[in-house]
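Protein chains in written order, with numbering that gives the first Met the number 0: chain Z, 0 to 257; chain C, 0 to 253.
Worth double-checking, as some hints may not be accurate.
To be verified - Partial list, derived from the structure: chain C residues whose beta carbon lies under 10 Å from chain Z: (1) Arg-74; (2) Phe-81; (3) Phe-89.
Think of the hints as simulated: they come from the structure by calculation, not from any bench. Heads up, the beta-carbon is just placed ideally off N, CA and C, and yes, glycines get one too.
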Amino acid sequence: MRILDCLETIGRAALRAMRRAGRMGVFLGGMVAYAVTPPWKPRLCLRRLFFIGAQSVLVIALTGAFTGMVLTLQGFYALSRFGSDAFIGPLVALALVRELGPVLAGLMVTGRGGSAITAEIGIMRIGEQLDAMELMGLNPFRYVVVPNLVAAVVAMPLLSAMFDVIGIWAGYLIGVRVLGVSGGTYLGEIAQYLETRDIAAGVWKSLSFGVIICWVSCYKGYTCGYGAEGVSRATTQGVVLSSVLILVWDYFMTSALF
Amino acid sequence: MIQAVGLHKAFEGVPVLRGVSFEVPRGHFMALVGRSGHGKSVLLRHLAGMLRPDRGRVCIDGQDLASLGAHELRRLRRRFGFVFQGGALFDSMTVYDNVAFPLRECMRLEEEDVSRRASEALARVGLAGAEGKLPAQISGGMVKRAALARALVLEPELIFFDEPTTGLDPITAHAILELIAQCHRNLRFTGIIVSHQIPRIFEIVEHVGLLHDGRLRFVGTPDDMLASDDEVVVAMLRGDDAQMEPRRTPGPRR
Chain Z
0 MRILDCLETI GRAALRAMRR AGRMGVFLGG MVAYAVTPPW KPRLCLRRLF
50 FIGAQSVLVI ALTGAFTGMV LTLQGFYALS RFGSDAFIGP LVALALVREL
100 GPVLAGLMVT GRGGSAITAE IGIMRIGEQL DAMELMGLNP FRYVVVPNLV
150 AAVVAMPLLS AMFDVIGIWA GYLIGVRVLG VSGGTYLGEI AQYLETRDIA
200 AGVWKSLSFG VIICWVSCYK GYTCGYGAEG VSRATTQGVV LSSVLILVWD
250 YFMTSALF
Chain C
0 MIQAVGLHKA FEGVPVLRGV SFEVPRGHFM ALVGRSGHGK SVLLRHLAGM
50 LRPDRGRVCI DGQDLASLGA HELRRLRRRF GFVFQGGALF DSMTVYDNVA
100 FPLRECMRLE EEDVSRRASE ALARVGLAGA EGKLPAQISG GMVKRAALAR
150 ALVLEPELIF FDEPTTGLDP ITAHAILELI AQCHRNLRFT GIIVSHQIPR
200 IFEIVEHVGL LHDGRLRFVG TPDDMLASDD EVVVAMLRGD DAQMEPRRTP
250 GPRR
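With the hints as constraints, model all of the structure from the sequences given.
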């Protein structure tokens with residue numbers, strides 16, 4: 000009897016998870032469909048681009064700089080054991096461009112922009128502002144979801160590229176000025192070992208992370224529960240789920256682009 | 000004309016509407032009264048097509064809302080106005096932009112016409128001078144007025160009011176009801192208002208429906224209601240708790 004109860008509980012939980020995944024899938028489909036069909040709202044897209052992109056520059060610059068510096072110190076420590084410290088430039092650049100740039104920029108944008116998107120849409124939901132739009136015969140997706148998607152997809156590759164460049168230059172400062180690696184070697188080895196496909200891999204990753212951040216954040220805001228508690232729970236869930244999905248999706252992207 | 004036929008709705012297995020039927024002729028005003036939690040707002044949301052009934056149907060000018068696709072329903076809704084309990088103003092926009100929003104987005108008017116019509120709508124509800132303020136910077140009464148202006152600006156044929164005076168002091172509540180009555184006299188829209196302002200609301204409506212325990216316990220004119228000897232109606236009019244125990248209606252799942 001106890002085994003049957005246990006199986007029933009597992010079955011219910013699985014069905015609930017499937018239902019949620021299905022709803023999220025439908026939401027993603029709607030989001031993409033509305034993004035590629037008119038009418039578009041370019042002014043709203045630009046406003047969201049400013050919020051998600053331009054206002055994230057400082058946090059991306061700081062994170063990129065310190066990531067590049069730490070990577071150089073740790074990389075130099077490991078490479079100098081094998082007498083390969085001349086390869087510190089490619090190590091920093093490849094790690095940033097292929098992996099750390101898109102992933103850390105994605106996590107930073109999730110924390111700064113994704114949480115704000117969820118909270119904003121959640122407040123609109125509990126304040127009946129989304130219902131008001133629907134009752135005017137308007138589609139709220141076009142006003143609150145699509146502009147965020149366009150902004151995230153445009154901003155993420157740019158922020159990720161900025162993260163990479165700042166990280167590589169910060170690594171240069173530490174490697175050349177502090178650790179005594181030759182400047183020419185640092186940059187020359189990067190030019191030799193960093194290929195277009197490495198940059199393309201980073202761009203594809205950051206594009207897909209932009210979709211994930213917008214998808215999860217908007218979905219959580221759109222379906223948030225009642226009251227302030229509902230919004231706060233949705234915001235937390237949005238940040239956690241986006242971050243986990245970014246890391247999981249990163250693995251699959253890395254496997255595919257290896 | 001708006002018509003509800005045998006509406007049934009349950010949330011999480013708890014029945015909220017149990018066969019509600021009534022109709023409001025074109026140009027008439029109806030009040031839905033009843034205790035909190037007895038399904039008035041849920042009924043209003045069914046009438047506006049925001050919720051789908053488990054059974055029964057809502058028809059507007061003979062068109063069953065359930066038979067309409069999303070696009071057709073949106074087109075039909077452009078003939079509606081809806082004044083929410085909390086106003087539902089867009090909090091990132093000024094009062095003026097809130098009122099101008101449906102003109103810009105639904106009618107795609109030139110900015111000059113938008114400005115003229117939005118200013119007229121704001122003046123009609125006594126909000127001239129508050130155009131540049133954000134919803135957070137104005138009082139509850141002004142929020143309700145702005146919401147009314149936004150609902151009226153498209154000159155809809157049908158307006159739903161969901162407790163437009165809740166949370167207001169008696170003088171402001173009286174002023175809002177007077178404003179609604181005046182707009183109805185001038186614009187002759189079909190209106191359905193959920194209200195607790197008894198007997199004040201009887202002065203501005205032609206029909207009253209008393210929703211009790213998910214059913215329409217009474218439908219008729221205000222005079223008929225005042226003359227009714229139904230125990231629930233009498234208790235409602237007297238504000239007597241004994242026959243009118245409150246309920247908590249579960250909300251729709253999100």
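Hint check:
1. The beta carbon of Arg-74(C) comes within 6 Å of a beta carbon in chain Z, closer than 10 Å, and the hint placing it at the interface holds.
2. Of the supplied interface hints, the one on Phe-81(C) holds, with its beta-carbon coming within about 4 Å of a beta-carbon of chain Z, less than 10 Å.
3. Using the Cβ-Cβ criterion of 10 Å, the hint placing Phe-89(C) at the interface with chain Z is satisfied: the shortest such distance is roughly 6 Å.
When the structure is compared with the earlier hints, no violation turns up for any of them.
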